[in-house]
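Quick mapping for you: the protein sequence lines, in order, are chains H and F. Mapping to my numbering: the first sequence position 23 is 23, numbers consecutive. Mapping to my numbering: the second sequence position 4 is 4, numbers consecutive.
A couple of the hints might just be wrong.
[Stated by the list, open to error] Label pairs and their computed distance ranges (CB to CB): (1) H/K91 to F/R41: 39 to 49 angstroms; (2) F/D99 to H/Q123: 14 to 24 angstroms; (3) H/G86 to F/Q135: 27 to 37 angstroms; (4) F/A146 to H/R90: 40 to 50 angstroms; (5) F/R41 to H/D88: 50 to 60 angstroms; (6) H/E122 to F/Q135: 22 to 32 angstroms; (7) F/P73 to H/R9: 30 to 40 angstroms; (8) H/R90 to F/A83: 27 to 37 angstroms; (9) F/V94 to H/R90: 46 to 56 angstroms.
What the hints contain is simulated information worked out from the structure, not anything from laboratory work. Ideal placement from N, C-alpha and C gives every residue a C-beta, glycine not left out.
Read off the chains here:
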Amino acid sequence: MPLYQISTREPLNPKVKADVAMMITDVHCKHTGAPRTFVNVMFVNRVPLSPATDLHVFGSVRGGRTLQTNDNVEEDMVAQLAALTGVDLRKIEFMIFPIPASHVMEGGVVLPEPGEEASWLEQHHHAAE
Amino acid sequence: MSEKRRFVVLASVHEAGEALNQARALERDIKRVYERHFGKRTSVTCIWMEIPQGQAFIAGYPSTASTVLAPVPDDIEQHGREAFMSDMCDLFRVRTDCDVNEIIVTAMNVSDAKRYAKKARRRFDPKRAKQTMFQIVARMILKRPATGYLKTSLNMPK
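This is chain H alone, in the form it adopts within the complex (with noise of 0.2 angstroms):
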């Protein structure tokens, strides 16, 4: 957790699969403070997408964060989602369900409420692994 998942109707290539995933682990990280080790992505392909979208951005994060931070979050991976793909700003949609963080396990253990990552990773070093 996050998990974002990409959605497109054809499969993008491996190589913007690979960019794609690490700017969403860059970008999230910078903007919340999370962990790396916590950013998944996967790619749906063959998705029907409604006609006024090309890429859609599914993002299942940890909730008790600001509006400002996830909207920073939005603004950047939007604009970088668009550059490495090619695909136009307007026709990328970024939507966002927040999970709290005490239903998630990861590493055995519960992941810690934004902003309580620090001592968590000191008591669980293994999940930053």
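Following the hints, position chain F against chain H.
Using the frame of chain H, we list chain F on its own:
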């Protein structure tokens, strides 16, 4: 007599991983965990979503992690949720011999899981949404006799 409580578990697992080889045994284990935590009058449907190679990443690099969305009753307390998630992690580790970092469990409330699914479907073209959902369900049902479990793909039907 009270009605059965129904849960749909969605397990996203890698095509080359051990989880699909163990899917039937994992299903039995998952059902046992649900019964132990939420009572015998519990009905669990497992859906196995296969992730093709090269379509999942963690920390920016290719991932082999399985993600399991396992809804729980809305009225569950946090200590019960944690115990349930621990049991789910343990059963995957035992059956598939995966590392603790290769299993991610999300135990949302049932009502939140329904909102999640509804929101995820909003990406579909409204004119094709029903047809797409029908194709996904049909594909799972048609393949069930051969596999013994409900399997779909991360990718949408052709």
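For each hint, the structure was consulted:
{"no.": "1", "hint": "H/K91 to F/R41: 39 to 49 angstroms", "in the structure": "holds (48 angstroms)"}
{"no.": "2", "hint": "F/D99 to H/Q123: 14 to 24 angstroms", "in the structure": "holds (18 angstroms)"}
{"no.": "3", "hint": "H/G86 to F/Q135: 27 to 37 angstroms", "in the structure": "holds (29 angstroms)"}
{"no.": "4", "hint": "F/A146 to H/R90: 40 to 50 angstroms", "in the structure": "holds (44 angstroms)"}
{"no.": "5", "hint": "F/R41 to H/D88: 50 to 60 angstroms", "in the structure": "holds (52 angstroms)"}
{"no.": "6", "hint": "H/E122 to F/Q135: 22 to 32 angstroms", "in the structure": "violated (48 angstroms)"}
{"no.": "7", "hint": "F/P73 to H/R9: 30 to 40 angstroms", "in the structure": "holds (38 angstroms)"}
{"no.": "8", "hint": "H/R90 to F/A83: 27 to 37 angstroms", "in the structure": "violated (47 angstroms)"}
{"no.": "9", "hint": "F/V94 to H/R90: 46 to 56 angstroms", "in the structure": "holds (49 angstroms)"}
In the structure shown, a violation is registered for the earlier hints numbered 6 and 8, in ascending order.
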